[in-house]
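Fit chains B and C to the known structure of chain A by using the hints.
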Amino acid sequence: MLHIVNKSPSERNAFDSCLRLATKGSAVLLIEDAVYAATKGTAAAAQLQAAMADLKVYVLAPDMEARGMAGRVLEGVNLVDYGGFVDLAAEHNTCQSWL
Amino acid sequence: MDEASEGVVKKFMFLNRKAPYGTIYALESLEVVLISAAFDQDVSLAFVDDGVYQIVKGQHTKGIDQKNFSPTYRALEGYDIEKLYVEKEGLEARGLTEDDLLVDVTVLSAAEMANLMAEQDVVISF
Amino acid sequence: MATVNIAGKDIEVDEEGYLINLGDWNEDVAAYLAQEEKVEMTENHWEVVNFLREYYSEYQIAPAIRVLTKAIAKKLGADKGNNKYLYELFPYGPAKQACKIAGLPKPTGCI
Chain A
1 MLHIVNKSPS ERNAFDSCLR LATKGSAVLL IEDAVYAATK GTAAAAQLQA AMADLKVYVL
61 APDMEARGMA GRVLEGVNLV DYGGFVDLAA EHNTCQSWL
Chain B
100 MDEASEGVVK KFMFLNRKAP YGTIYALESL EVVLISAAFD QDVSLAFVDD GVYQIVKGQH
160 TKGIDQKNFS PTYRALEGYD IEKLYVEKEG LEARGLTEDD LLVDVTVLSA AEMANLMAEQ
220 DVVISF
Chain C
226 MATVNIAGKD IEVDEEGYLI NLGDWNEDVA AYLAQEEKVE MTENHWEVVN FLREYYSEYQ
286 IAPAIRVLTK AIAKKLGADK GNNKYLYELF PYGPAKQACK IAGLPKPTGC I
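Residue numbers (my numbering), protein chains in the order written: chain A, 1 to 99; chain B, 100 to 225; chain C, 226 to 336.
Next comes chain A alone, as it looks inside the complex:
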């Protein structure tokens, strides 16, 4: 399954719920304000780091760049562009958006 999160981890609990309920081997794509979860030095990044043992984590690069966070991306996170977003959606049978 592909999980998509678009809310800041420090504003809503969508990111926490996603990590709690995503099963091993799932993919997590962070977009819009959720990209802050993959920036170094945050509590969310530590959670994400731990979760990466079981999950593949992707971040939408244009959203990172827009927010001035391109230089702070957590290691091990895969950056994708809009084409990569489409590919991820196509590769997975189901998609859960954590609104």
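Read the hints as simulated data drawn from the structure, not as lab findings. Hints should not be assumed to be uniformly reliable.
Stated by the list, open to error - To give a feel for the contact side, a few chain B residues facing chain A, derived at Cβ under 10 Å: (1) K117; (2) A118; (3) V155; (4) T160; (5) I163; (6) D164; (7) T171; (8) G189; (9) G194; (10) L195; (11) D198; (12) S208; (13) A213; (14) N214.
Unchecked claim - With a straight-line Cα cutoff of 20 Å, these simulated SDA-like cross-link-like pairs (lysine to any residue) come out: (15) B:K166 x C:V238; (16) B:K156 x A:A70; (17) B:K182 x C:Y284; (18) C:K295 x B:I134; (19) C:K295 x B:R173; (20) B:K156 x A:G71; (21) A:K40 x B:E191; (22) C:K300 x B:K156.
What the hints assert, rightly or not - Covered stretches of chain B, going by a simulated chain A footprint (3 or more residues, C-beta under 8 Å): (23) 119-132; (24) 145-154.
These numbers come from a predicted model, not from an experiment. Cβ coordinates follow ideal geometry from the N, Cα and C atoms, glycine included.
Positioned in the frame of chain A, the structure of chains B and C alone reads:
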């Protein structure tokens, strides 16, 4: 405006708590702040929680097809809006320091920010 | 939204004649917009228009008139950074006319 209220200067604080781009709050706040400058009031801007992300350096929005309004914070000085405050705890929780910000700010502890808020006549929250 | 044809190119403007796309601006477009405003462009007019474009490119907003006069005074001197001088160049308001000719949006807070 009646004569009695003319020339009264109140302390206004714009409290910014949302990241830019994901929602419209940050941009709306900035527009209200620019308009408020015309009324010659004692205006402060506070950046708390995700609001600190609004003034982070190096924003490039071409890829998301939205206007990059971060340079406008640097115009505030010309509008005589020079009181910008950032909550220390909010900055640190995001792995950021004052050097990561694109405008000069005063960094306050949560306790100091609380006192500053309590001093205001009006707090407008975004 | 309307379209005007300037030097063979269709350009989008809003209901008040401000450019929709800043990127459409060039000196021909400025000359056309000035003509619409009945402003005869001199070196002094261009100086203000160019100043506005530089201001916009730095801050991403069209300045309020008070801010514009102050910024012009700082850069070009007090004899130019005042309302009288700017209103002589742009009688219907520097914010309205000079911004329009410079291809900028209407200043925030401009009534």
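Hint check against the structure, violated hint numbers in rising order: 7, 11, 12, 13, 14, 22
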